[in-house]
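Novice: Spelled out from the first residue to the last, the chains are:
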Amino acid sequence: MSTPLLKIMDLKVSYGGIEALKGISIEVNKGEIVTLIGANGAGKSTTLRAISGLVPVKEGTITYDGNVISGQSPQKIVAEGICMVPEGRRVFPNLTVLENLKIGAYLRKDEIQADIDHVYQLFPRLQERSWQLAGTLSGGEQQMLAVGRALMMRPKILMMDEPSLGLAPLVIRDIFRIIETLHDEGITILLVEQNANAALRIADSAYVLETGILGMHGTGEELLGDDRVREAYLGKSARK
Amino acid sequence: MWNTVFPYLLSGISVGGQYALIAIGYTMVYGILRLINFAHGDVFMVAGIVMVYVVSSGVPLWLSILLVLLITSLIGFLIERVAYKPLRTAPRMSVMISAIGVSYTLQNLVLYITGGLNQIYPTIPWISGSVTIGSATTKMVTLVTPVLTIILVVALVQLINHTKIGMAMRAVSKDFETSQLMGIKINSVISVTFVIGSFLAAVGSILYFTNYTTVIQTSGAMPGLKAFVAAVFGGIGSIPGAVIGAFIIGIMENIIKGLDVILFKSGVIKAPLGLATFSDAFTFALLIVILVFKPTGLFGEKVTDKV
Chain A
12 MSTPLLKIMD LKVSYGGIEA LKGISIEVNK GEIVTLIGAN GAGKSTTLRA ISGLVPVKEG
72 TITYDGNVIS GQSPQKIVAE GICMVPEGRR VFPNLTVLEN LKIGAYLRKD EIQADIDHVY
132 QLFPRLQERS WQLAGTLSGG EQQMLAVGRA LMMRPKILMM DEPSLGLAPL VIRDIFRIIE
192 TLHDEGITIL LVEQNANAAL RIADSAYVLE TGILGMHGTG EELLGDDRVR EAYLGKSARK
Chain B
397 MWNTVFPYLL SGISVGGQYA LIAIGYTMVY GILRLINFAH GDVFMVAGIV MVYVVSSGVP
457 LWLSILLVLL ITSLIGFLIE RVAYKPLRTA PRMSVMISAI GVSYTLQNLV LYITGGLNQI
517 YPTIPWISGS VTIGSATTKM VTLVTPVLTI ILVVALVQLI NHTKIGMAMR AVSKDFETSQ
577 LMGIKINSVI SVTFVIGSFL AAVGSILYFT NYTTVIQTSG AMPGLKAFVA AVFGGIGSIP
637 GAVIGAFIIG IMENIIKGLD VILFKSGVIK APLGLATFSD AFTFALLIVI LVFKPTGLFG
697 EKVTDKV
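Protein chains in written order, with my numbering: chain A, 12 to 251; chain B, 397 to 703.
Possibly wrong hints are sitting among the right ones.
[To be verified] Computed list of lysine-lysine pairs in DSS-like fashion (alpha-carbon distance at most 30 Å, straight line):
1. B:K581 / A:K69
2. A:K87 / B:K666
3. A:K120 / B:K690
4. A:K69 / A:K23
5. B:K560 / A:K113
6. A:K120 / B:K570
7. A:K167 / B:K560
8. B:K570 / A:K87
9. A:K113 / B:K581
10. A:K113 / B:K481
11. B:K581 / A:K167
12. A:K69 / B:K570
13. A:K18 / B:K581
14. A:K167 / B:K666
15. B:K581 / A:K120
16. A:K120 / B:K481
17. B:K570 / A:K113
18. B:K581 / A:K87
19. A:K87 / B:K560
20. B:K581 / A:K41
21. B:K481 / A:K69
22. A:K23 / B:K581
[As the list claims (entries may be wrong)] Heads up, incomplete: computed chain B residues facing chain A, CB under 7 Å, no partners named:
23. R566
24. A567
25. K570
26. T574
27. K581
28. V585
Since the hints were derived computationally from the structure, they do not count as laboratory data. All C-beta atoms in this analysis are idealised placements derived from N, C-alpha and C, irrespective of residue type, glycine included.
Could you build the full structure based on these sequences and the hints that come with them?
Specialist: As structure tokens, this is what we get:
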């Protein structure tokens, strides 16, 4: 077995004395879709924020491609090719759609036009609204823009924090379709979702996070079929 | 009538331009850090003092001007690094108190160096000469100021709207964390903001002190306060707002200063009323009135804090 692309070992993170993550270990292999499911406040977002360097790691290590990245600045981690689509989309409302894409490629020095075209091909709606301020887009369009913006850095790993949050069911379907497309393009994806059903369906590997500790782990299908997971996260009764 | 008003209007436009150059520093720093940089007026004053000392040490005038711009920009950069950066995650009120501390440190430092004596500002021949236009005789600087201000503002707006660093500044002003996720170095962007603000204040100081001829440690207080009012008046955070606000305040202030003369000459009053005394009070009264009707200022955006 090859070494995982991203390896989290015994990760502990605390906010002002409160431990949000109490030592979790996750492995993400190249080309996989890995999903992290769990209830509100379980520490899903914290995990992603720790990987991207936004919150300090208290204990444990995060290795990417064999190099320790925990303790690095967010800039360094982005430069490595680990990009995040943050929760709540967080597009820059005062920048145009095109500028949002350009700022996604902020660290790149090479030509980015081909990448802009690629994003527009994935999301034709964005091209139509190229000159519009991002703040005027609908929620679904903003989510597409947030994904497009992250793609501009040509990520090796794309981390997505609750991409379906607050979106209409049809739009959610589009978002998950896009995730699969990106996966087909060879991007490794680490997906955090409350919409466990949809997430597990596309995941190669899945982890359940419960108040800072890891619960079950398995393939997406295994967890989808597990009674306890069904009851706790899928809102379905264990016995049919 | 017009001949009486014109000289006041002209000096109003000029003072307005000088206020504008200071006000941009307030509004840009607020835009990014949500901080009222109380030390900004003193940076303006220090630029004046630096000019006095550099010129008196025998440095040629053109080089002195460049040095003043450079040193003031550097001072702005250092103030941010020393007094504000360590407080990045502290409550906003702490940073504000730090700014007040910097303000008094600069004033006391200048008091120490100068002994509290008025320093004669060097004469810059290119802008100190007299010109007569119509009914007004004034220094060349009165004409140079608005032109230079507008050129600098246009350049700044281009920088902000059409360059990579400008785009980063706009992004950082909205969202620190997401900007970091784009690989933007927040601290560098903030430094650039302080450097630009201080540079413009230095340009403003050269124009302002050429007109007023002396510098003392408190010289930054009034123009700083007026520029701050201009920035709030225009809608703090907005650069065009600050510039327009500054011109309006400069013009209003000077018209009030000349109101006695204007009214007397047009026969409305028989004896001077001493209205000029109220020109500063008027500036602030105007601010209050505007804020009552438009709390966010002329061009201010309504900020809805997300929960």
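Novice: None of the hints should be skipped; say for each whether it holds.
Specialist: Here's how the hints hold up against the structure:
{"no.": "1", "hint": "B:K581 / A:K69", "result": "holds, 23 Å"}
{"no.": "2", "hint": "A:K87 / B:K666", "result": "violated, 74 Å"}
{"no.": "3", "hint": "A:K120 / B:K690", "result": "violated, 44 Å"}
{"no.": "4", "hint": "A:K69 / A:K23", "result": "holds, 5 Å"}
{"no.": "5", "hint": "B:K560 / A:K113", "result": "holds, 9 Å"}
{"no.": "6", "hint": "A:K120 / B:K570", "result": "holds, 24 Å"}
{"no.": "7", "hint": "A:K167 / B:K560", "result": "holds, 24 Å"}
{"no.": "8", "hint": "B:K570 / A:K87", "result": "holds, 22 Å"}
{"no.": "9", "hint": "A:K113 / B:K581", "result": "holds, 16 Å"}
{"no.": "10", "hint": "A:K113 / B:K481", "result": "holds, 28 Å"}
{"no.": "11", "hint": "B:K581 / A:K167", "result": "holds, 21 Å"}
{"no.": "12", "hint": "A:K69 / B:K570", "result": "holds, 29 Å"}
{"no.": "13", "hint": "A:K18 / B:K581", "result": "holds, 26 Å"}
{"no.": "14", "hint": "A:K167 / B:K666", "result": "violated, 82 Å"}
{"no.": "15", "hint": "B:K581 / A:K120", "result": "holds, 16 Å"}
{"no.": "16", "hint": "A:K120 / B:K481", "result": "holds, 28 Å"}
{"no.": "17", "hint": "B:K570 / A:K113", "result": "holds, 16 Å"}
{"no.": "18", "hint": "B:K581 / A:K87", "result": "holds, 10 Å"}
{"no.": "19", "hint": "A:K87 / B:K560", "result": "holds, 19 Å"}
{"no.": "20", "hint": "B:K581 / A:K41", "result": "holds, 29 Å"}
{"no.": "21", "hint": "B:K481 / A:K69", "result": "holds, 23 Å"}
{"no.": "22", "hint": "A:K23 / B:K581", "result": "holds, 26 Å"}
{"no.": "23", "hint": "R566", "result": "holds, 6 Å"}
{"no.": "24", "hint": "A567", "result": "holds, 5 Å"}
{"no.": "25", "hint": "K570", "result": "holds, 5 Å"}
{"no.": "26", "hint": "T574", "result": "holds, 4 Å"}
{"no.": "27", "hint": "K581", "result": "holds, 6 Å"}
{"no.": "28", "hint": "V585", "result": "violated, 11 Å"}
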